[in-house]
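With the hints as extra help, turn the sequences into a complete structure.
Chains E and W supply the protein sequences, listed in that same order. The opening residue of the first sequence carries number 1 in full-length UniProt numbering; numbering runs sequentially from there. The opening residue of the second sequence carries number 1 in full-length UniProt numbering; numbering runs sequentially from there.
Incorrect hints may appear among the rest.
As the list claims (entries may be wrong) - Some residues of chain E that are not near chain W, with every Cβ distance over 10 Å (derived):
| id | residue |
| --- | --- |
| 1 | D35 |
| 2 | D41 |
| 3 | G215 |
| 4 | V229 |
| 5 | Q421 |
To be verified - Partial list, derived from the structure: chain W residues whose beta carbon lies under 8 Å from chain E:
| id | residue |
| --- | --- |
| 6 | G100 |
| 7 | L220 |
| 8 | H221 |
| 9 | G223 |
| 10 | A228 |
| 11 | L240 |
| 12 | I310 |
| 13 | G315 |
| 14 | I436 |
| 15 | D440 |
Said to hold, decoys possible - Now the stretches of chain W that chain E is said to cover, found in silico as 3 or more residues with beta-carbon under 8 Å:
| id | segment |
| --- | --- |
| 16 | 203-214 |
| 17 | 287-298 |
| 18 | 330-338 |
Keep in mind the hints are simulated off the structure, nothing from the lab. All C-beta atoms in this analysis are idealised placements derived from N, C-alpha and C, irrespective of residue type, glycine included.
There are 2 protein chains.
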Amino acid sequence: MTAASNPERQAVRDGAQQWLEVLRDWVRIPSVSADPGHRADVARSAGYLAEQLSAVGFPQVRVLDSGPALPAVLAHWPSGEPDAVRVVVYGHHDVQPADGEDRWSHPPFEATLVDGVLHGRGASDDKGNIAMHLLGVRAHLQATGRSAPAVDLTLLVEGEEESGSPHFAELLARHRDELPADVVVVSDTGIFGPDTPSVCVGMRGLVACEVHLHGPDVDLHSGTFGGAVANPVTELVRMLAGLHDADRRIAVPGFYDDVVEPTPQERADTDALPFDEAEWITGPAGSRAAVGEAGWSTLERVGARPTAEINGIWGGYTGPGTKTIIPTDAYAKLTFRLVGGQRPDHIRECVQRHLQSLAGPGVTLDISWESEGVAPLKVDTTHPATAATRRALGAAFDTGTVLLTREGGSGPEAEIAGRLQAPVVFLGVMTDEDRIHAPDERAPVELLLKGCEAVAHLWRELAALGRAGLTAGGAAVAG
Amino acid sequence: MTAASNPERQAVRDGAQQWLEVLRDWVRIPSVSADPGHRADVARSAGYLAEQLSAVGFPQVRVLDSGPALPAVLAHWPSGEPDAVRVVVYGHHDVQPADGEDRWSHPPFEATLVDGVLHGRGASDDKGNIAMHLLGVRAHLQATGRSAPAVDLTLLVEGEEESGSPHFAELLARHRDELPADVVVVSDTGIFGPDTPSVCVGMRGLVACEVHLHGPDVDLHSGTFGGAVANPVTELVRMLAGLHDADRRIAVPGFYDDVVEPTPQERADTDALPFDEAEWITGPAGSRAAVGEAGWSTLERVGARPTAEINGIWGGYTGPGTKTIIPTDAYAKLTFRLVGGQRPDHIRECVQRHLQSLAGPGVTLDISWESEGVAPLKVDTTHPATAATRRALGAAFDTGTVLLTREGGSGPEAEIAGRLQAPVVFLGVMTDEDRIHAPDERAPVELLLKGCEAVAHLWRELAALGRAGLTAGGAAVAG
Numbered sequence: 001m002t003a004a005s006n007p008e009r010q011a012v013r014d015g016a017q018q019w020l021e022v023l024r025d026w027v028r029i030p031s032v033s034a035d036p037g038h039r040a041d042v043a044r045s046a047g048y049l050a051e052q053l054s055a056v057g058f059p060q061v062r063v064l065d066s067g068p069a070l071p072a073v074l075a076h077w078p079s080g081e082p083d084a085v086r087v088v089v090y091g092h093h094d095v096q097p098a099d100g101e102d103r104w105s106h107p108p109f110e111a112t113l114v115d116g117v118l119h120g121r122g123a124s125d126d127k128g129n130i131a132m133h134l135l136g137v138r139a140h141l142q143a144t145g146r147s148a149p150a151v152d153l154t155l156l157v158e159g160e161e162e163s164g165s166p167h168f169a170e171l172l173a174r175h176r177d178e179l180p181a182d183v184v185v186v187s188d189t190g191i192f193g194p195d196t197p198s199v200c201v202g203m204r205g206l207v208a209c210e211v212h213l214h215g216p217d218v219d220l221h222s223g224t225f226g227g228a229v230a231n232p233v234t235e236l237v238r239m240l241a242g243l244h245d246a247d248r249r250i251a252v253p254g255f256y257d258d259v260v261e262p263t264p265q266e267r268a269d270t271d272a273l274p275f276d277e278a279e280w281i282t283g284p285a286g287s288r289a290a291v292g293e294a295g296w297s298t299l300e301r302v303g304a305r306p307t308a309e310i311n312g313i314w315g316g317y318t319g320p321g322t323k324t325i326i327p328t329d330a331y332a333k334l335t336f337r338l339v340g341g342q343r344p345d346h347i348r349e350c351v352q353r354h355l356q357s358l359a360g361p362g363v364t365l366d367i368s369w370e371s372e373g374v375a376p377l378k379v380d381t382t383h384p385a386t387a388a389t390r391r392a393l394g395a396a397f398d399t400g401t402v403l404l405t406r407e408g409g410s411g412p413e414a415e416i417a418g419r420l421q422a423p424v425v426f427l428g429v430m431t432d433e434d435r436i437h438a439p440d441e442r443a444p445v446e447l448l449l450k451g452c453e454a455v456a457h458l459w460r461e462l463a464a465l466g467r468a469g470l471t472a473g474g475a476a477v478a479g
Numbered sequence: 001m002t003a004a005s006n007p008e009r010q011a012v013r014d015g016a017q018q019w020l021e022v023l024r025d026w027v028r029i030p031s032v033s034a035d036p037g038h039r040a041d042v043a044r045s046a047g048y049l050a051e052q053l054s055a056v057g058f059p060q061v062r063v064l065d066s067g068p069a070l071p072a073v074l075a076h077w078p079s080g081e082p083d084a085v086r087v088v089v090y091g092h093h094d095v096q097p098a099d100g101e102d103r104w105s106h107p108p109f110e111a112t113l114v115d116g117v118l119h120g121r122g123a124s125d126d127k128g129n130i131a132m133h134l135l136g137v138r139a140h141l142q143a144t145g146r147s148a149p150a151v152d153l154t155l156l157v158e159g160e161e162e163s164g165s166p167h168f169a170e171l172l173a174r175h176r177d178e179l180p181a182d183v184v185v186v187s188d189t190g191i192f193g194p195d196t197p198s199v200c201v202g203m204r205g206l207v208a209c210e211v212h213l214h215g216p217d218v219d220l221h222s223g224t225f226g227g228a229v230a231n232p233v234t235e236l237v238r239m240l241a242g243l244h245d246a247d248r249r250i251a252v253p254g255f256y257d258d259v260v261e262p263t264p265q266e267r268a269d270t271d272a273l274p275f276d277e278a279e280w281i282t283g284p285a286g287s288r289a290a291v292g293e294a295g296w297s298t299l300e301r302v303g304a305r306p307t308a309e310i311n312g313i314w315g316g317y318t319g320p321g322t323k324t325i326i327p328t329d330a331y332a333k334l335t336f337r338l339v340g341g342q343r344p345d346h347i348r349e350c351v352q353r354h355l356q357s358l359a360g361p362g363v364t365l366d367i368s369w370e371s372e373g374v375a376p377l378k379v380d381t382t383h384p385a386t387a388a389t390r391r392a393l394g395a396a397f398d399t400g401t402v403l404l405t406r407e408g409g410s411g412p413e414a415e416i417a418g419r420l421q422a423p424v425v426f427l428g429v430m431t432d433e434d435r436i437h438a439p440d441e442r443a444p445v446e447l448l449l450k451g452c453e454a455v456a457h458l459w460r461e462l463a464a465l466g467r468a469g470l471t472a473g474g475a476a477v478a479g
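Pasting the structure below:
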């Protein structure tokens, strides 16, 4: 498709400048869901998104803020066509914490724009990706000359994704009737690279817990007591060292029970991706060596294999100098990424049993699980909706080659697919260079604009398929 | 000895009330040497001690505050007798940090007095023990009717002991000529129990370091990168788990090379101590089980065996909720207690080599050692000064039985013994109930007063021995 025959692109260009200022104002709201001190900001973020959805024309917009959940936004724009394809778009407006502020080149909540790159927490994950739908639907209308979208459009944008979506299942259940779906479009993932569009066909699941070991009731002098009393930090490191074996395979009994191993074809497809491992390690990963489970490639390790990560650890004296104590307590935050087949409840049980079996005498173990976890998702790569998404991305990136990838991250996509009984496709333009979850999160504006354009193309593609064409294929499956 | 024939006791009683107020004012000064923010308080503490030494009659008192060391106090009171025994008293006026303030029943620097117990950081370690010399020398003078002590008395009270005495060797070298010693009296240790006086015949040495593992240059999204990049916290717990083997013996090659194992007689003496392990574990240790190196008793584990302790650990996200990152850095503070025969420099080398051998790919290891470490000390139990100390304590506690113990803690005693070429004896009255280094540090006033009395008895006993009597025995040995 040439630029001349691509009215969606022209429409995106027309609206880009005004749209960018809307996104920047949104990024300026520090909607950190993990921190109770930012509850009001999460609410403000939801209100702002609702306003902007109304402004672009959504006739029905609501902030869902009852119950214990942080506010979500639900918007609906009926097509008006009989039997229009019903689309539910999912994403989130909460963001990761921005601690380590001294390591940000630009303040995380000022939405600084430098050389066409927007800097700030949420610029990419996930405000940038959700904002694509504001301009995307406008471009779709302008390009098609319609006053309402060619598909029946519903947006559900939650406020707790970065906290593990603890109330999302409840939210879906409560609003089930307002979420009619022939296809779910998830806009919270990425593409292989800025010049290499791809669609995601798998997401990892997640369970998260905090481990607490209580030792002596007071900090003890390590001279007077050292050697004869259990040190909870020493015990904790011994237990956590037992999460992996020497091959960096997870050593929790039962952990791999239900893993669906990739087929030889899937492994070959992954190998075919234009992946420069050395560049990835020193570039986006900012590391020095590829390190992971023996027998698997780097791309497989981040997509097709489950993980156990220690996200934080603390205990005892951490101030200046030396304090010769046996501390009272030691803590760690753990997350486990799951792949197709694995069930969060089974993994929780396995980890709980394993850690309990490793706890020695003289300490008390307490494991608290963060919500019920997130199931992994595998997409049927042959579904017509997947093909439509590849065509939409191809049009926006001027290429006929849109690859298939697996996403290492986790979201409530399996929950959505299961609840709404609809196939899932992924449309997002994050890349590894965007430093999501890290200091210096960013998003190149040109890439976001290609995403806006892809959204407009996708509504056209899905409308062209129609409901009948959509149901001809398979379905995304959770689990 | 009965109370009637114990004029030292009467003298201590006479001065007790005024003396206690002096000690309380001293405890109110937060002389935390580990924290640069308390430098001025350490200086204030030295000045206060100098004033009080002058007030009790020391004719020569100086605050040593040149160079990088925190201020120490040097005081001298010549006997005036020809060939008087020359005594150097050692202790420290700096204190441990008092963090965890919410776990203190009484504020750490208010010197609260409740039911005859003085509460506060330093009440026992070591201001309480050093203050005994203020009233002790007064009681000695009053009991003997002298205007100057019967021994040539020098006090050296440093300000960096709780930080590993980094400049103490230099201090001793610089003031060597002002520290003439036939015997060194260390007042920084304890007795077996409030009703069980004992003298210490061994102290453990110490080396301390901070371990830093640097991983990726930014915190990474554990979904996007997890499984393929080295997580410094995961690497650190694996390395630190390698400090001990399954028998909780230290697994650092070479660590036990020079350990002088206790003789069968020493093991039998230790077994003979009236030690209620169950009471000790649930009481002063505030723990639930005796845990330590296989094959050794609890008392041996804290006195005769070396240890490796993790005093603190930190890295990654430690705030509320979950943050799914691979952190950039992980840190731990380690201390190693050494016993007779072990050399700090050799232990540093062994630990450094062992940790380096355990560091995996993808992380950078940096180990910073806190000063050169502290050598362990073994006392010759047959020395006349040791016998004199046992008699002095026996007189103060009205008992003929003063046991021999080993102290698990560390101080620069080996350094003093080596530099001053004099035997060391220990006179202090801390007990495990005093919670030194922990929240709720305390000292029972009655016990401190018995310590004051023991000081007065000891000056009489040492003067009676005379220089000739002192040199008849062996010497305390460092190493």
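Open item on the list: Given a cut of 8 Å on the nearest C-beta pair, is the interface hint for I436 (chain W) held or broken against chain E?
Closed with: 5 Å, holds
Task: Whether D35 (chain E) stays farther than 10 Å from all C-beta atoms of chain W, as the label says - done: Incorrect as stated: the minimum Cβ-Cβ distance to chain W is 6 Å, not above 10 Å.
TODO: Answer holds if the nearest beta-carbon of chain E is closer than 8 Å to that of G100 (chain W); otherwise answer violated.
DONE: Constraint on G100 (chain W) satisfied, holds at 7 Å.
Task: Stated coverage of the segment 330-338 of chain W by chain E [criterion: 3+ residues, CB within 8 Å] - done: n = 6 at 8 Å, threshold three: holds.
Task: Minimum beta-carbon distance criterion (8 Å), L220 (chain W) to chain E - done: Interface hint status for L220 (chain W): holds (6 Å vs cutoff 8 Å).
TODO: May I ask you to check that D41 (chain E) keeps its beta-carbon over 10 Å from the closest beta-carbon of chain W?
DONE: 15 Å, holds
TODO: Taking the shortest Cβ-to-Cβ distance between Q421 (chain E) and chain W, state whether it exceeds 10 Å.
DONE: Given a closest Cβ separation of 26 Å, the condition holds.
Task: Interface restraint verdict for H221 (chain W) against chain E (beta-carbon cut-off 8 Å) - done: Result: holds, 4 Å to nearest chain E Cβ.
Task: Within 8 Å of chain E (C-beta), three or more residues of the segment 203-214 of chain W - done: holds (count 3)
Open item on the list: Does the closest beta carbon of chain E sit nearer than 8 Å to the beta carbon of A228 (chain W)?
Closed with: Constraint on A228 (chain W) satisfied, holds at 4 Å.
- [ ] Confirm or reject the statement that V229 (chain E) sits farther than 10 Å, beta carbon to beta carbon, from all of chain W.
- [x] 5 Å, violated
Open item on the list: Under 8 Å is the threshold here; is the Cβ of L240 (chain W) close enough to any Cβ of chain E for the hint to stand?
Closed with: 4 Å, holds
The structure fails to meet hints 1, 3 and 4 from the earlier list, while all remaining hints are met.
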